[in-house]
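For the protein sequence lines, the chains are A and B, in the order given.
For the first sequence, our numbering gives the first residue as 695, with consecutive numbering after it.
For the second sequence, our numbering gives the first residue as 25, with consecutive numbering after it.
Since the hints were made in silico from the structure, they are not lab data.
Note that the structure is predicted; figures quoted are calculated from it, not measured.
From the three backbone atoms N, C-alpha and C, an ideal C-beta is built for every residue, glycine too.
Heads up, some of the hints might be wrong.
[Unchecked claim] Partner residues are not named here, just some residues of chain B that face chain A (Cβ under 8 Å, in silico):
#	residue
1	Glu-39
2	Arg-44
3	Glu-45
4	Arg-48
5	Pro-52
6	Asn-64
7	Val-105
8	Ala-109
9	Tyr-110
10	Ala-114
11	Lys-128
[Claimed, not checked] The list that follows gives simulated cross-link-like pairs (lysine-lysine, DSSO-like), each with its CA atoms no further than 30 Å apart:
#	chain 1	residue 1	chain 2	residue 2
12	A	Lys-834	A	Lys-823
13	B	Lys-75	A	Lys-834
14	A	Lys-884	A	Lys-903
15	A	Lys-823	A	Lys-837
16	A	Lys-939	B	Lys-174
17	A	Lys-834	A	Lys-821
18	A	Lys-900	A	Lys-834
19	A	Lys-900	A	Lys-939
20	A	Lys-823	A	Lys-903
21	A	Lys-939	B	Lys-119
22	B	Lys-75	A	Lys-837
23	B	Lys-174	B	Lys-75
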Amino acid sequence: MRLTLYSFFQTITWKWGVSYAVFIAAGVLYTHLYRRLAKRREWTQMSLGQLAPRVVGATLTVALLLHLTMDGVGRYVLELDFYEEVQSEVGMLLASVVNMWILLMLWSLIYFGVHYFWSYRQAEVDKWKLEAQAETARLKALKLQLNPHFFFNSLNSVRALIAEDPDGAQRMVTRLARLLRSTLQADDMKTVPLEEELSTVRTYLKLEKVRFEDRLRHRIEVDDEARSHPVPFMLVQTLVENGIKHGVACCQEGGVITVRGRVVDGALHIRVTNPGTLDTEEGGTGLDNARERLRLLFGTEASLTVENADAETVSATAVLPVRAVPESTVVQGKVSLAARD
Amino acid sequence: MASPPVLRTLIVDDERLARRELRRLLEPHEAVTVAGEAANADAAEAAVHEKNPDLLLLDVQMPGDSGFDLLTRLDAVPHVVFVTAYDEYAIRAFKVNALDYLVKPVEPERLAQAIETVQARAAEDGPQAAGAGDEESRSPLTAEDQVFVKDGERCWFVRLADVRLFEAAGNYTRLYFDGEEPLTHRSLSYLEERLDPDRFFRASRQHILNLRWVADVTPWATDKLKATLEDGTEVELSRRRSRAFREQLSL
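Could you put together the complete structure from these sequences and hints?
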């Protein structure tokens, strides 16, 4: 650094020219190595506390190396007469290193500053993207829960019933409203006593019965001791809906849907059967959702399996360990994840 | 002027209430009479053969075969207006292929529009198509009949008059019309049996020609003829069929 400051107004001899070239080349080389190190060790990902000492250390090293290079070249290779005038070797070293260090620190500040700014913006963008994705997923899930095909068909039935059976039409509108309300309120973390869930299921079955008439038959058999057990809201409804889709709507003669609830070895078993055979892991998103909610609410001991019960029957069985959900959540109808963790 | 043709309509829907609702919605339309109802594709197929309706109001989702399946099973199809509650896949198909469709619950205005559209088309087709008083369901397919062709996601209602060439492709047949060339699952021999022989001519093992589309016929090899269609396609006639062609022409 001193070289540059002192020599600026001097006549530039070839030696000075060479020393400048060496300075620039060494500067480029060392800072390049510094940048490579920072990149390889991912310094841009570090917190300020981690980064600061590393930057200070690295820039000091580079400044020192740069000084030593210039000093060596100036003194021994080019044999500059400048060194004869030097009063204090230590003073020159300090001044030179500090000068270059300040420059390097400035450079680092800009370099990491830009990186920080850029990654901050990237993080913002990612956050928005994630939020948008979550929103889309939520909308999709809602649409799935709403089951538009069912609702529009039901509305169509209501329209027909208004002329044929006005009382029936009125009942149907009330039931539709009730089911729609339940669907919209279906919080992922909500549990209700099985009895209450069964009441939703009966409402749903009555609506489907208007559409399918004699083609839909059902049987609900639930042990008394099972009725008060908490279940994820709309779980049984999802299973029944699935059963109707694959076991009744598809077949001209329709079929019987059965719902069976029992307590076995301290666990609640809910079994929904429908006619038909399971070719693949059918059901898709609705069942996957139900499974995920079961896991979140009741832990890994809970399960939901869909299988061929016999040649003509498909059964969906949910097993819910009874102890897992604290009493309070049933009363409140909600359980917070944080409380469970 | 003759009054617009009355459309004899078949309602196809698996739900009784839905059929009833459509029937009720059709009541104010004097141009439409309900010829019958069917609750599934099989019943609908039988009813089409028996009653020969001019219009199908067709639900897409039914137990067993779908509305689309029904149409591909029929040789000649009447005018069709699809009806669906909410079926994203079907609605996309309707839009992609510009098919007439109604959503449930059906709006009376939209139904009126759909009926008008069909009436206009029926009037174009001429009186022959409407109420042919079918005594036998196996009567030949005339040029005015339309068939339903579904190839992958795309489908067409195509008037046989517009098909210039049928080409065998294994057990399937490729239809050439309006720049399209989809495959149907019918064999060429089956089509030969069903098509009106005065209009559609079996040129060889490979081809059936629509005679109205033939621009030119020239001899090209010993005893053989070659037909050039209006779009420039050249079709060779087999030796035996060349003879038959000459005979038919001399009549």
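Evaluation of the provided hints:
A cut of 8 Å between beta carbons decides the hint on Glu-39(B): the least distance to chain A is about 5 Å, and the hint holds. Interface restraint check: Arg-44(B) against chain A, minimum CB-CB distance 5 Å, threshold 8 Å, status holds. A hinted interface residue such as Glu-45(B) counts as satisfied when its beta carbon comes closer than 8 Å to some beta carbon of chain A; here the least separation is about 4 Å, so the hint holds. Of the supplied interface hints, the one on Arg-48(B) holds, with its beta-carbon coming within about 6 Å of a beta-carbon of chain A, less than 8 Å.
The restraint placing Pro-52(B) at the interface with chain A is violated, with a minimum CB-CB distance near 14 Å, outside the 8 Å limit. Interface restraint check: Asn-64(B) against chain A, minimum CB-CB distance 5 Å, threshold 8 Å, status holds. Because the smallest distance between the Cβ of Val-105(B) and any Cβ of chain A comes to about 15 Å, over 8 Å, the interface hint for this residue is violated. A least Cβ separation of about 4 Å between Ala-109(B) and chain A falls short of the 8 Å threshold, and the interface hint therefore holds.
Against a cut-off of 8 Å between C-beta atoms, the interface hint on Tyr-110(B) holds, since the closest Cβ of chain A lies about 4 Å away. For Ala-114(B), the shortest C-beta to C-beta distance to chain A is roughly 10 Å, which exceeds 8 Å, and the interface hint is violated. Proximity of Lys-128(B) to chain A holds as hinted, the smallest CB-CB distance being about 4 Å (cut-off 8 Å). As the CA atoms of Lys-834(A) and Lys-823(A) are separated by approximately 16 Å, the hinted pair is consistent with the 30 Å bound.
The straight-line distance between the Cα atoms of Lys-75(B) and Lys-834(A) is roughly 44 Å, outside the 30 Å bound, and the hint therefore fails. Proposed proximity of Lys-884(A) and Lys-903(A) is supported: the alpha carbons are some 27 Å apart, at most 30 Å. The hinted pair formed by Lys-823(A) and Lys-837(A) meets the criterion: a straight-line CA distance of about 21 Å does not exceed 30 Å. Taking the CA atoms of Lys-939(A) and Lys-174(B), the gap is near 26 Å; set against the 30 Å cutoff, the hint holds.
The hinted pair formed by Lys-834(A) and Lys-821(A) meets the criterion: a straight-line CA distance of about 20 Å does not exceed 30 Å. The hinted pair formed by Lys-900(A) and Lys-834(A) meets the criterion: a straight-line CA distance of about 26 Å does not exceed 30 Å. Proposed proximity of Lys-900(A) and Lys-939(A) is supported: the alpha carbons are some 15 Å apart, at most 30 Å. With a C-alpha separation of about 43 Å, the suggested pair Lys-823(A) and Lys-903(A) falls outside the 30 Å cut-off, and the hint is violated.
Straight-line distance between C-alpha atoms of Lys-939(A) and Lys-119(B) comes to about 25 Å, which keeps the hinted pair within the 30 Å bound. About 41 Å separates the Cα atoms of Lys-75(B) and Lys-837(A), which puts this hinted pair outside 30 Å; it is violated. A hinted pair counts as satisfied when its Cα atoms are at most 30 Å apart, and Lys-174(B) with Lys-75(B) qualifies at roughly 24 Å.
The structure does not agree with the numbered hints 5, 7, 10, 13, 20, 22 stated previously, though it agrees with the rest.
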